[in-house]
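*Asks:* These are the residues of each chain, in order.
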Amino acid sequence: MRIAGGIFAVALAGLVWAAPMAAQPAASFEERDFLSRVRRLTVEGRRAGEGYWSPDGNRLVFQSEREPGNPFYQIYVLDLNVGETKRISPGHGKTTCAFFRPGRPQILFSSTHHDPESRALQQAELDFRASGQERRYAWDYDPEMDLYAYDEPTGTYTRLTTARGYDAEASYSPDGEWIAFSSMRDGYERPLSEAEQKQLALDPSYFGEIYIMKADGSGQTRLTHTPGYDGGPFFSPDGTRIIWRQFDEQGLIADIWTMKLDGSDKRQITDFKSMSWAPYYHPSGEYVLFSSNKLGFENFEIFMVDAAGTKEPVRVTYSDGFDGLPVPSPDGKRIAFTSSRSGGGAGQIFLAQWDHEAALAAIRLAPSRR
Amino acid sequence: MKRTHLSRITTLSFVAGLLAGPAVLPSQSQTAVQSPTRAHVETLASERFEGRQAGSDGARLAADYLVSELTRLGARPLPGQDDFRLPFSFTAGVKDGGSSLTLTREGAAAARFAAPSAVQALSFADNAEVSGEVVFAGYGLVVPESQNFGYDSYATLDVTDKIVVVLRYFPEDADQQTRAILSRYSDLRYKAMQARQRGARALLVVTGPRSPNAGEVAPMTFDTALAGSGIVAASISGEVAQALFAGVTDRSLEEVQQSLDTANPHVAGFALPGVTVSVTTAVERQRQTGYNVAGYLPATRRLALPKPWVALGAHYDHLGLGTHGNSLARGEEAGRIHHGADDNASGTAAVLAIGEALRGEPRSRHVVLAFWSAEEIGLIGSNAFVTDPPVPVEEMAAYFNFDMVGRMQENKLTLQATGTSPAWARLIEQANVLAGFDLQLMADPYQPTDVASFNQVNVPSLSFFTGTHADYHRPSDTAEKINYEDLDRIVDFAASLTRRVADLDEAPAFTRVEQTLMPSGGRSGIRIFTGTIPDYATDVKGLLLGGVIGGGPAEAAGLQKGDVIIEIAEQAITNIYDYTYALDLLRIGQPAKVVYMRGAERRETTLTPAARR
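Sequence order for the protein chains is A and B.
Residue numbers for the first sequence, in the numbering used here: 934 to 1303.
Residue numbers for the second sequence, in the numbering used here: 59 to 671.
Simulated from the structure, these hints should not be mistaken for lab results.
Be aware that a few hints might be false.
Simulated crosslink set (SDA-like; lysine to any residue; CA at most 25 Å straight-line) [said to hold, decoys possible]: (1) K470(B) with D1288(A); (2) K153(B) with E414(B); (3) K1019(A) with A567(B); (4) K1147(A) with P988(A); (5) K619(B) with L641(B); (6) K470(B) with G1254(A); (7) K1019(A) with R558(B); (8) K539(B) with R965(A); (9) K470(B) with H1289(A); (10) K1266(A) with K651(B); (11) K1193(A) with S1252(A); (12) K1019(A) with D544(B); (13) K619(B) with A493(B); (14) K651(B) with Q629(B); (15) K539(B) with R970(A); (16) K1019(A) with A493(B); (17) K1147(A) with T1089(A); (18) K1199(A) with H1158(A); (19) K153(B) with R343(B); (20) K1266(A) with D544(B); (21) K470(B) with K1199(A); (22) K470(B) with E964(A); (23) K470(B) with A1291(A); (24) K153(B) with V444(B); (25) K470(B) with S1252(A); (26) K1266(A) with A493(B); (27) K599(B) with T338(B); (28) K1019(A) with P480(B); (29) K1019(A) with H1046(A); (30) K619(B) with V444(B); (31) K153(B) with T381(B); (32) K1019(A) with D561(B); (33) K470(B) with R980(A); (34) K470(B) with G1016(A).
Based on the provided sequences and hints, a complete structural model is requested.
*Replies:* Have a look at this one:
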C-alpha cells in the first residue's frame, strides 16, 4: 500500500488545513497536453490500484479487491496483450504493493497470509460490512505484513522478511539484485518511551523508515532515521539512487527526496507544502511523476518535476477526486495511474498515452523553485 | 400525390438493384477503406429510406436490406420461422371517420353538422352516439385539492347524463403564476377525464373567440397512448358553438369567455337553455404492421450449454419526416427526412458488422442478430419480440443492445445496464484491455432503448451508447457525421464480448437492478415516484404495466408486469393519462389504494409513493 493510509485517515478526520499556498506557475496546461487516450483499465471489484509494469511492458501487476470471500486486496497480473487477469497472491489475508523482478520471473509483494488470524480478520471485515456500516477508509499497517517473492514457474512463495512491524512498499533495483522497502519495525524492536507507545497505538506509520536488502532478503539495512513516515521507495532508472517520500512528524506534509543506495547524499526534490508522495522516475531519468493534494485537501493530482528538483512542479492531471500513483511504462510512452474519476469514490487503474516531449518542454518552462 | 408515388418508384428500383449485387451501393462505400459499417450506415441513412419510420415504405425497404444482409451472412431464420421478417401490429395514427353533431332546438328544425371543419372527434374519444341536454362548464378545469389552489369549473354544476361544452386552453388573462398552475390541467385528455368522472355523456370543446386559433377545431394528434378516454369527445367550430349558445340572449360567447378569462374561480358555468344535442364520434385508429428482422448464426459446437442463445439487437426505425411528435427539427428543417444515421443506422450497422466478424468462427452458443422496428414510438418492436419470443427468453444468456454508437468523442463509450449481471465486470475488463475505450459504466437498465424490454424479462443485458449530440432527432443526423473509425472499434469490442459470452460454461446470472430512492418528504417540486413502467403500446382499458422498477413502490406493493391498474386513490384509470393525472392526488410517503386486474382477477393493494430522484 504505497498510498499511505494515514493520508486518507487524516484527510477524512477533517483537520483544519491551510489554504493552498502560492498560485500555480504562469504556464497553463491541460491534461490532454500530456495524456491522451485516457481510459479505465480495471472494472471488476470494489477498487484497484498500484499498477506496475513488467520490464517488457506487456503485463501489469496490481492490487484489487475483487473476490467475494476476501474484503482485502489481493495481487493480480494482467496480460495487456490478451486481456486475461490472474491472481498470483495466495488468496487470503491482506496483500499490497507488488513489483516485477527484472531479469527473473518473480513478483514481489507484501502479505499477511502466514498470520493464523488472517482468515478470521477477513470474516470480521465481511461481517462488519454486512452490518451495513461503512468504514472510513483507513489502512491499518498490519504488523504481520511481510515481504514475499512469488516465483512464476513454480508458483511458490519465498518469505523475505520476518520482523514484527509492517514491511511493505517494496521495489527491485533495475538489475533485480536489490530491494528497497519501508518498514515500521522500529516501533516494535526497541523499548519505546510512553509518548512513543501512544504514537504506535495511534498511528504506527510514524515509525516507517526506508530499508534496503539483497533480493534474497539478506543484509537488511536501515537508510533513514527521521521521525515521521518514510515510504514508497523506488530506484532511479540507472540504479544509483532511491527516491521516496518523507512525511513530517505530524503526518500532514510530505515531500519527495532522493538518496544514494547507502543512505548518503539525501536531497529534497520538492518543497511543495502539501502531501507530495508516490514518486516514480520516468525511464528517461529526466523527471519524476508524483501526486499531491496541493490544490485541495482531498483533491490529489499528478504532478511532475525535474529529477534534481530545481523547478516548481508542473500539474499533469485535471480531474476532481483522486489521481495518483503514476507509473510510466518501461518505454516511457504510456502511463498507468490510480484514479477515482470513474465515480463511486474508490480508485481504479487507468491507462493513458504519455507525451514525453510535451512533458520535457513543460518542465523546461517551469519557474525555478523559490 | 404524384410526388410520393414517384419516390416510391425510385426507392423500389433502388432496392431491386441492391439485391442484384453490390454494384449499386452508394459510390462512397466503394472507395471507403474497408470500414465494415460505413456502407450500411450510408445506405440506411440515405434519402431513399425516407427516415425509416415504422410502418412506412422506407422502413419496409430498410427491412428488405436487412433481410438481404442476413441472407448474405448465412444467418438462419429463428426457430419456427420461415422468414427473417417478424411482423407485429401497432397503432400508427388516428383519423376521423365521419363524426357529426345534430342540434335540436324547441320549435326549430334540427341542424346537422358533419364537416370536419365543424365537428371532429378528439383522438382519444370513445366511438359512440350519445344525446342529451347541454351544460357549459367554462374552461372545464379542475385543479386537484392537493395543489391547494381552489379552481373547479364543475363546482356548482350537475352534469350527470349531460353533454358538456367547455372552452379549449385556460383563462387567457390570468397572471403568470395562475397560468402556470392551470395550464397543467388544461390538456384535453384531462378535461375529458373530469367530465367523464362527473357522469357527463360527452365533452364538446370549442376554441373560444378570445383564444388563439379562435373558432377552429382541435387537430387530431397522434398519440402513442392508444386507449380511449372512456367518453365521447369532439371539438366543434365557432359556428357550431354559436348555434349552441343561440338560446343565451343576455350575452355573447365572447363576453362569457371574457368573464372567465381572469380565472376568477367564482364565475360559474350554466345550462344552455332549450337545446339538445346528439353527438356521434368515429375515431379510426390506423393499425399498421411493423417488422422486426432477425436471424441467427448457429452454434458450431454441440456442448449443450445452459441458455444456448446470445442476442445482439439494434432498432432500425427512425422518425421518417418527423411529423409524429418526437422530432426536434427546428424552423426550416421541419418535415424533412430525418436520416437517423446515428439513431440508429449506426447500431444497425454495428450488429451487421459483428455478424460479419463472427460468421465462419466456431462458437458454442447461437448468436441472434435482431433489428427492431417502432422503437422510436415506444420500444414497440422489441416489446413485441419479448412478449411472444420465437426464442424463449429463459434460454437467452445475454442481450447486447446498440443504440446511437456512431458519434464517439474522446474515446468515451457508455455501457448501460451493467448492473444486470455480476458477470459483466470481468468480461468488460478483459475485452477492454485490448479495445482501450474510456468506459463510462451505468448500472441502470431502465433506459429509453430496447435494452429495457430485455431487462423486463430478466435477460442479462448491456447497451452500447456514444452519447447524444446537437443533431439528435433532427434531419441533420446524417451519415457523413458518423465517426466510423471508432464505430468499427466498438464492433471489434462487442464482437470480442460476444465471443466470450458465447463460450462461457455458465450463463451470466441476472440481477434485478434496484432503483435507489430518496427518502420521502423531499423538496417541493419533486415528482412522485411509483416505480411503474407503463406499456405504451396497448389498447387495454386501464394502465397495463410493462414492468415495475426493482426496489420501487410498485414492486413493494406486489405489482408486476402484466397487471392492469384500473383505480388508484379512488380515481378510475382507463389509460396512461388518467394515471398521470391521478399521480397529482398522491402524496409522497402516504399510502394509496390501488385496484388492479391480474388476468381475470380483480385485486387490491396499497402503494406508498416515493420521491423521484
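*Asks:* Next step is simple, just say for each hint if it's right about the structure.
*Replies:* Evaluation of the provided hints:
no.: 1; hint: K470(B) with D1288(A); result: holds (20 Å)
no.: 2; hint: K153(B) with E414(B); result: violated (44 Å)
no.: 3; hint: K1019(A) with A567(B); result: holds (22 Å)
no.: 4; hint: K1147(A) with P988(A); result: holds (19 Å)
no.: 5; hint: K619(B) with L641(B); result: holds (19 Å)
no.: 6; hint: K470(B) with G1254(A); result: holds (19 Å)
no.: 7; hint: K1019(A) with R558(B); result: holds (17 Å)
no.: 8; hint: K539(B) with R965(A); result: holds (24 Å)
no.: 9; hint: K470(B) with H1289(A); result: holds (24 Å)
no.: 10; hint: K1266(A) with K651(B); result: violated (64 Å)
no.: 11; hint: K1193(A) with S1252(A); result: violated (35 Å)
no.: 12; hint: K1019(A) with D544(B); result: violated (29 Å)
no.: 13; hint: K619(B) with A493(B); result: violated (38 Å)
no.: 14; hint: K651(B) with Q629(B); result: holds (10 Å)
no.: 15; hint: K539(B) with R970(A); result: holds (21 Å)
no.: 16; hint: K1019(A) with A493(B); result: holds (19 Å)
no.: 17; hint: K1147(A) with T1089(A); result: holds (19 Å)
no.: 18; hint: K1199(A) with H1158(A); result: holds (12 Å)
no.: 19; hint: K153(B) with R343(B); result: holds (7 Å)
no.: 20; hint: K1266(A) with D544(B); result: holds (22 Å)
no.: 21; hint: K470(B) with K1199(A); result: violated (44 Å)
no.: 22; hint: K470(B) with E964(A); result: holds (16 Å)
no.: 23; hint: K470(B) with A1291(A); result: holds (23 Å)
no.: 24; hint: K153(B) with V444(B); result: violated (30 Å)
no.: 25; hint: K470(B) with S1252(A); result: holds (15 Å)
no.: 26; hint: K1266(A) with A493(B); result: holds (18 Å)
no.: 27; hint: K599(B) with T338(B); result: holds (21 Å)
no.: 28; hint: K1019(A) with P480(B); result: holds (18 Å)
no.: 29; hint: K1019(A) with H1046(A); result: holds (18 Å)
no.: 30; hint: K619(B) with V444(B); result: holds (12 Å)
no.: 31; hint: K153(B) with T381(B); result: holds (15 Å)
no.: 32; hint: K1019(A) with D561(B); result: holds (19 Å)
no.: 33; hint: K470(B) with R980(A); result: holds (21 Å)
no.: 34; hint: K470(B) with G1016(A); result: holds (19 Å)
Hint compliance for this structure: hints 2, 10, 11, 12, 13, 21 and 24 are not met, and every other hint is.
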